[in-house]
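Colleague: As you go down the protein sequences, you meet chains A, B, C and D in turn. Under the working numbering, the first residue of the first sequence carries the number 11, and numbering increases by one thereafter. Under the working numbering, the first residue of the second sequence carries the number 11, and numbering increases by one thereafter. Under the working numbering, the first residue of the third sequence carries the number 11, and numbering increases by one thereafter. Under the working numbering, the first residue of the fourth sequence carries the number 11, and numbering increases by one thereafter.
In this list, chains with the same sequence are indistinguishable; a pair is considered to hold if it fits within one copy or across any two.
Below are the EDC-like pairs computed for lysine to aspartate or glutamate, each with C-alpha atoms no more than 20 Å apart in a straight line:
#1 K133 / E318
#2 K91 / D132
#3 K133 / D114
#4 K91 / D114
#5 K121 / D322
#6 K133 / E123
#7 K82 / D98
#8 K121 / E161
#9 K133 / D98
Note that these hints are calculated values from the structure, not bench results. All values reported here derive from a predicted model rather than from experimental measurement.
Each chain, written out:
4 protein chains.
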Amino acid sequence: MNFASDNWAGATPEVMAALARANDGAAPAYGNDALSERVTGLFSEVFERDVEVWFTATGTASNSLSLAGLSKPGGIVFCAKDAHIQSDESGATEFQSGGMKLIDVTSPLGKMEAGTLAAALDKHPDGGRSVPVALSLTNATEWGTTYAAAEVAELAAIARARGMAVHMDGARFGNAVAATGATPAELTWKSGVDFLSFGGTKNGCWAAEAIVVFTPGILPDLSQRRQRAGHTFSKARFVAAQFEAYLTAGNWLAWARHANTRAEQLRSGLRGNRPARLGWENGANEVFAVLGKDAIARARAAGATLYEWPADGVHVGEHEELVRLVTSWATSEGEVARFLEIVRG
Amino acid sequence: MNFASDNWAGATPEVMAALARANDGAAPAYGNDALSERVTGLFSEVFERDVEVWFTATGTASNSLSLAGLSKPGGIVFCAKDAHIQSDESGATEFQSGGMKLIDVTSPLGKMEAGTLAAALDKHPDGGRSVPVALSLTNATEWGTTYAAAEVAELAAIARARGMAVHMDGARFGNAVAATGATPAELTWKSGVDFLSFGGTKNGCWAAEAIVVFTPGILPDLSQRRQRAGHTFSKARFVAAQFEAYLTAGNWLAWARHANTRAEQLRSGLRGNRPARLGWENGANEVFAVLGKDAIARARAAGATLYEWPADGVHVGEHEELVRLVTSWATSEGEVARFLEIVRG
Amino acid sequence: MNFASDNWAGATPEVMAALARANDGAAPAYGNDALSERVTGLFSEVFERDVEVWFTATGTASNSLSLAGLSKPGGIVFCAKDAHIQSDESGATEFQSGGMKLIDVTSPLGKMEAGTLAAALDKHPDGGRSVPVALSLTNATEWGTTYAAAEVAELAAIARARGMAVHMDGARFGNAVAATGATPAELTWKSGVDFLSFGGTKNGCWAAEAIVVFTPGILPDLSQRRQRAGHTFSKARFVAAQFEAYLTAGNWLAWARHANTRAEQLRSGLRGNRPARLGWENGANEVFAVLGKDAIARARAAGATLYEWPADGVHVGEHEELVRLVTSWATSEGEVARFLEIVRG
Amino acid sequence: MNFASDNWAGATPEVMAALARANDGAAPAYGNDALSERVTGLFSEVFERDVEVWFTATGTASNSLSLAGLSKPGGIVFCAKDAHIQSDESGATEFQSGGMKLIDVTSPLGKMEAGTLAAALDKHPDGGRSVPVALSLTNATEWGTTYAAAEVAELAAIARARGMAVHMDGARFGNAVAATGATPAELTWKSGVDFLSFGGTKNGCWAAEAIVVFTPGILPDLSQRRQRAGHTFSKARFVAAQFEAYLTAGNWLAWARHANTRAEQLRSGLRGNRPARLGWENGANEVFAVLGKDAIARARAAGATLYEWPADGVHVGEHEELVRLVTSWATSEGEVARFLEIVRG
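If we strip away everything but chain A, and leave its shape as in the complex, we get:
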């Protein structure tokens, strides 16, 4: 009953098998091998256009290295208030970019709204001491909600009208695609996204993260930038192999759908189960629920892992807590059922 995080799960059997297959003989280092090239082709298929693909070690690396490629003195990146780049990366983007500033945009349930973004941009007119350079959207968000393609497009258009680039943090991009039913292309470049932090790690890989660039030339020095940051794996085929398994035959979406389905199983079980209840509704693989402290204690005693979460604006009684429950490719229907039963008391 791991609901602590999707990054507590291991790798899928398909990923392990691909790693074993890739481990055959010598291959050129630094991504110049045949498998890495083949995987770039798979990315282009998935996104229905030619893309550039740059492996990195982590999502934090993908976010900060790509945004840093836009760095300007006085540069500002706008992001949702609880964006990972703002709250969980120890200032990675500020650091990699040599001091860009992140500005929070109030984002109910993790989703930025057009009017709020426009108002935030208005405070930084052209020609001033600060220079808006990028909008960063997270899909699926840290609140388990998702942006539909039209929502991405609306926000991206506002940013682009100001000459800004648009980044998407897709640590859980598979879950967003699975939840929205949109195509990867629709959620990204067709809606104005210039580059994407594409995450495989939370969805069945060991460590498979990549920067996917849709707009040619927008990040011109990624090769040296990545090298300088220590993110150029010499035996890059071990990442390529994971992505090969991930992107082949729609595996990534199947795994994401599985995780989302288990989350819906959780939500469904909690909806009608007062006093337990959902903190809010969402569609990806994170569930936020208000549980009794006794129920949480029982679940933990039975071996469940889960985290308390800050209850921003959600009513939580004295004997309750808001908790986050994350499902993954490895979560089984039985686990969820057992957890719901324990919580029910």
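Dock chains B, C and D against the given chain A, drawing on the hints supplied.
Modeller: Relative to chain A, chains B, C and D alone:
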């Protein structure tokens, strides 16, 4: 016949087996799992003292993040002229440290000498605009040579007398231990090394690199620094598993000895084989040889991979090239024999 | 009728005279001259304790270089929402510190409140990915308001309880001292301030800014840090001379009192003069007023300079604007009277 | 008898008078005043073309901010071995550029040679991990020597052929112009220099330094970059006034010629005066001489200031020292005569 680099080899069967074993169920993320803790114990055994261990994605990350922990305005790191941190990392240490300067010390055959180091330090007296903060030694060096423990100790003492810390770049540390016969402890903290970039990738792992800290407290903020650099793997057990295989039962030294032995087989075969000859003598797993251009062409036609190398100070005739030949855990006796035969013509 | 900014004024006759006096013969460079030493003594007298004094070119330099001395990976500086370091310095502190993050604290009329600060700190518990390192308070604030010594002490105590350092941006420190009646010592180190950006430029100097350090050793590497930032004037006596004139015989406070008095003349003239009215009450040398657009036009036609200002929360009618009026050592009683008359219509 | 440095001198009477003139009434801040605009026109006249002019506080600021405008990951700046940017600025360029690397080029008597530069560039071929971005030449050099226009052109052409920009550190540009007889235009943009650190401080100003940009658009973000670095003076007219005095009626060249002449008086007096002798010949306002220790002691006892200097390659006897003697606009013929007499013994 891969002699291009030891990072062209894949992972050993032991590493693959350990990865498969580690892939069992959920485990806490970010290195808080039991296996990561066990592996720290293995490192402490290998080095005969309690050590701190910080996994990173690459050797460049280990070098630059650890040295950056000493950063001061005006700070200087002294290194050998051809050190990887100076020549191959796109300014990683300058970047991660927020602008420290690397100063080359002339180092014949890749090895720094006490007098030269002392003279270089004399140019930066205390109280000046530059502040010597660290000495970085590479063992085994980029020239395939190695420092004996006493040599490390002599250089480290000079640095420490100036209040500097001592770093060792051990991307090929296993090969240095195997070549010198010294213990890991003797080559490092017993000789005054404060922290080590310990590499497993070139010697049979996929991506297993770590900063090993011997001097408690010398790098106080590595946790946030690594996070900020995007080098904190969430599924850290996939690195831990590799190191488990690596450090168990002396595997790492067995693999390094194997690579060194294959290199010695190469050297031995080239020594008596005019016109082919060694560029210089050394003991680790890199061989530098002057070969005829026709011999090189024959080897490549037969599938061998190898690199031409800058012939700093070595006599190379008109129809010859200096080449670098690197062996690894995966190099077989037969491969070497075949290569020698081809070269012989 | 310059009400655009106090930095539109020139230098006082006393400053010009001191510059002329200092321009006599050769003197050691980089602040090693006798005058620079004497001026440090003047600072120590003003603050009633031994202080370190570091000249810089601008207030932005003082703020960012001093805060950068506390830099840690994941480090956070807390400041008021409209603090100069957050809104007007093009990311100077983020840059000089190698990527620290500034976090806004909602601060009505520019003043931070204890409860809001405490709540903001609670979101960054010890041991997390972010590390609160400093609180930065501005006195006088960007809203023309001032912190009393007890208010500084209360906020500083909250920060110090978390191990944070306390910085004060004193670009208009003279105006704050003059407005509050507190001593320089009471407003700073006696209330828990560790270091101060002490500004002379806005109050009668050409370019006289300094970092004044109260807590010995808290910013250990300022000498090299300032040099590296290009802020170590070679002919430092030209700054020292300005400060000599400034700090001698209480000149600085006389000039600040003059500016504050002229501001009070403005406020007093606007209070009873509907439809013109004050945006809010304050005591330093900035006045915020709601004026009719026609009145503003008349004033400008008569040669007055002044800026429209964002009207955060102030009611402004359709034919009105919120404007900022800044007075300085050079503002005359007659100028203010004339302006009031013009506005009155 | 100040021979310690030209930055020990004060400001010329003309500079003081211009400051007094400029101190009249209010003027827009941040360089938007009429005087600053007029001064830009003077620069354009001096350089016989439209130029951009950015004031900064120091030569270190000019060097590092301008070079940082070219920053790329893996970027390298090539400079002479003893260049100020390499030896005296505490890593300013590395810092401001976010980690660029400076690479020394061996430069006899401070002057880079075409062959050596070409060889240094060859080690960094296109497409590698390091990216040559700029050549930085100093004129006059730290050895008191000067580059003729043709020499600048030859070196610049080599750099430009590699797509690099060309920077000139002109902390003593006036002395170089005076010594070579070339025009300012010939020594800079007509010879391929893209931007210049133009120094007035060492040649009669208090603090008057500027980045002069010849190639439009090459440093696109200097406005925010300078602001972020704390180098945008609010009362910019105090710098403008100094430059007005400096550039009017050829004052700057008259002052530089004066200093050079005094240096030649020194050289001439030392040439025929064994055992005293010149370390090497040069033409600008720095003289390097081998003096007896007793002569040095006598000079100091009589109030002379001068520095011992590292005697790179110059023969210095047991009872001798190599010293540096710097003359300035304020050095009188009598001072030099007296010094020579004392040294003569």
